[in-house]
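If you want the building blocks of each chain, they are given just below.
2 protein chains.
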Amino acid sequence: KTAEPTSIVEADPLPSWNDGPRKEAIISFVEDVTDSASPNFIPVADRIATFDNDGTLWSEQPIYFQFFFALDRVKALAAEHPEWKNKQPYKAVLENDMPTLMQQGEHGLLEIVMSTHAGNTTDEFDSLVRSWIDTAQHPVKKRRYTELVFQPMLELLDFLRANDFKTFIVSGGGIEFMRPWVEGVYGIPKDQVVGSSIQTEYDYNNGKPIIKRLAKIDLIDDKEGKPIGINRYIGRKPVFAAGNSDGDLQMLRWTDANPLMSFQLYIHHTDSLREWAYDRDSHIGKFDIGLDEAIEKGWTVIDMQTDWKIIYPFEKNQ
Amino acid sequence: KTAEPTSIVEADPLPSWNDGPRKEAIISFVEDVTDSASPNFIPVADRIATFDNDGTLWSEQPIYFQFFFALDRVKALAAEHPEWKNKQPYKAVLENDMPTLMQQGEHGLLEIVMSTHAGNTTDEFDSLVRSWIDTAQHPVKKRRYTELVFQPMLELLDFLRANDFKTFIVSGGGIEFMRPWVEGVYGIPKDQVVGSSIQTEYDYNNGKPIIKRLAKIDLIDDKEGKPIGINRYIGRKPVFAAGNSDGDLQMLRWTDANPLMSFQLYIHHTDSLREWAYDRDSHIGKFDIGLDEAIEKGWTVIDMQTDWKIIYPFEKNQ
Ligand SMILES: [Ca+2]
Ligand SMILES: [Ca+2]
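The listed protein sequences derive, respectively, from chains X and P.
Under the numbering used here, think of the first position of the first sequence as 1, with each following residue one higher.
Under the numbering used here, think of the first position of the second sequence as 1, with each following residue one higher.
Any given hint could be a false lead.
Note that the list lumps identical chains together, so a pair holds whenever it fits in one copy or between two copies.
For lysine to aspartate or glutamate, the following DMTMM-like pairs were computed, each having C-alpha atoms within a straight-line distance of at most 20 Å [as the list claims (entries may be wrong)]: (1) Lys166 - Glu183; (2) Lys316 - Glu83; (3) Lys208 - Glu296; (4) Lys85 - Asp19; (5) Lys142 - Asp72; (6) Lys166 - Asp46; (7) Lys212 - Glu296; (8) Lys212 - Glu224; (9) Lys208 - Asp164; (10) Lys208 - Asp19.
FYI, nobody ran anything at the bench for these hints, they're computed from the structure.
Treat the numbers as computed from the prediction; the structure is a model and nothing was measured.
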């Protein structure tokens with residue numbers, strides 16, 4: 001570093017966060033546990049930080065972005081499936097009839113996910129996701145989905161990594177839906193992504209090996225599935241976990257059960273103007289018992305409207 | 001770097017390897033793919049190296065070391081199971097009757113593994129493995145098991161990491177049997193271990209969350225299970241893979257299918273004096289069709305007797 005006067009003042013590691021108790025809590029935690037003289041010091045190998053994705057690292061309204069991918073896949077595959085024109089839940093998708101689609105229930109939604117996510121190889125699915133994520137636009141925000149990530153959370157990921165935390169995604173979203181783009185967008189390697197998965201099958205394929213994606217659930221990485229997924233993929237309890245809904249409560253409790261000092265972060269979607277505002281009654285990202293427990297246990301609950309100067313990276317240039 | 005004359009000669013990155021075509025092939029590969037001017041350059045994110053464990057990073061004779069752990073667990077648990085005295089396969093274990101034990105077949109061996117590995121929590125199992133690995137001795141070598149790792153392979157792991165490869169274990173052994181000690185012994189973090197696993201269940205346990213280990217197979221990380229496990233945990237094809245038996249062939253083929261330049265390494269156990277010599281007819285670590293395919297495809301097959309100056313780290317001081 002140079003000896004210029006500016007280098008005396010430490011740069012703000014979280015420039016898109018407003019000063020206040022939440023920003024201070026995060027910075028104090030990191031400074032404390034990385035100080036080898038502190039009783040709360042955490043060895044580098046234990047500095048595991050896990051982040052939910054939908055609603056925590058990027059937006060999730062009006063429906064999970066992966067579901068838009070599935071709907072686009074139904075339309076792309078419709079020519080091969082003429083029977084879909086008269087068969088629910090496909091009919092509703094092809095007619096852009098969202099109310100009817102939402103009435104198809106969990107079984108209908110699962111059918112859409114399986115028929116659009118399985119039946120191909122891992123390499124083929126990777127290509128499909130890449131070309132979709134590079135081009136598709138959010139219907140309300142009119143932005144590519146990867147533009148709808150949260151700038152303050154990108155800074156938090158960087159800040160943790162600069163302090164030798166290993167950052168992971170632990171999401172209910174599909175692991176193979178996230179892996180193609182999270183390296184570039186979040187700086188999180190593919191092997192540090194935990195997500196919902198389907199079963200696979202290896203085929204030697206006459207010397208050109210492939211892995212086929214089967215229409216059978218492997219792991220639902222939500223609620224109880226989050227600590228299960230953390231144990232399966234990471235093998236130790238995190239010391240830092242961030243989420244935004246009741247589906248993250250088990251992950252935050254698992255982190256809280258770490259005998260090492262730990263930090264639990266909840267994102268509360270309170271900004272109806274810049275993003276969306278929803279919590280206890282939302283059909284997506286319901287945040288109800290998690291909010292009560294966070295308050296009771298003194299976990300850090302981010303108020304998006306108050307705590308974040310900007311939401312999305314593109315606002316930096318506005 | 002300093003200008004001292006000694007710095008002109010580069011240190012040998014693989015000092016326990018004898019000079020020769022195999023050592024040269026490894027070093028040339030690494031130098032080539034990390035040279036940004038080379039047509040074979042591999043970006044850092046793709047520098048994934050996967051290593052089998054039993055017979056590749058440590059010895060595996062006369063039986064897999066994890067099986068010695070299971071036998072010791074049977075003996076430790078026998079007081080709680082008086083019925084085992086007269087019930088196979090436990091009777092054979094308690095009477096140290098190996099011939100009868102080996103006649104119990106796959107079903108008997110699986111029963112021993114399940115009754116000694118499941119039925120506890122992940123934290124409890126971690127403690128059991130730690131105290132066993134810290135104290136138990138190999139019956140023939142009279143050394144702790146972690147002393148029976150291969151010094152040349154430790155150097156290879158270091159060499160790859162020094163060149164920004166991310167090193168993983170991909171083993172048929174139990175993932176939770178390996179995780180407690182591989183960080184200290186191989187420098188491989190817990191979350192970079194892929195192995196066979198059993199299913200688990202999360203229990204809130206009145207505010208003290210636990211994960212219970214169930215007597216149900218999740219993944220058998222051997223043969224076809226290796227590419228499956230690599231896809232599940234790592235999410236991309238490796239560019240370097242090392243194994244020692246037919247159980248690694250699918251992993252090496254999967255690596256070979258990487259469009260990027262890749263390296264396939266087989267360890268051939270040829271040293272009956274310093275370690276063990278076995279291949280085509282062995283009941284442990286059978287190396288038969290893998291050996292034929294390696295020769296046919298020009299993969300690198302290490303001859304332990306010829307290529308390695310020493311086998312175990314403790315030989316450095318002898
Ligand atoms: Ca979420
Ligand atoms: Ca092996």
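Hints, one by one, checked against the model:
no., hint, verdict
1, Lys166 - Glu183, "both (13 Å within a copy, 15 Å between copies)"
2, Lys316 - Glu83, "neither (47 Å within a copy, 71 Å between copies)"
3, Lys208 - Glu296, "between (56 Å within a copy, 16 Å between copies)"
4, Lys85 - Asp19, "neither (54 Å within a copy, 68 Å between copies)"
5, Lys142 - Asp72, "within (16 Å within a copy, 63 Å between copies)"
6, Lys166 - Asp46, "both (9 Å within a copy, 18 Å between copies)"
7, Lys212 - Glu296, "neither (46 Å within a copy, 27 Å between copies)"
8, Lys212 - Glu224, "between (27 Å within a copy, 12 Å between copies)"
9, Lys208 - Asp164, "neither (39 Å within a copy, 28 Å between copies)"
10, Lys208 - Asp19, "neither (55 Å within a copy, 34 Å between copies)"
The structure fails hints 2, 4, 7, 9 and 10 (numbered hints given earlier, in ascending order).
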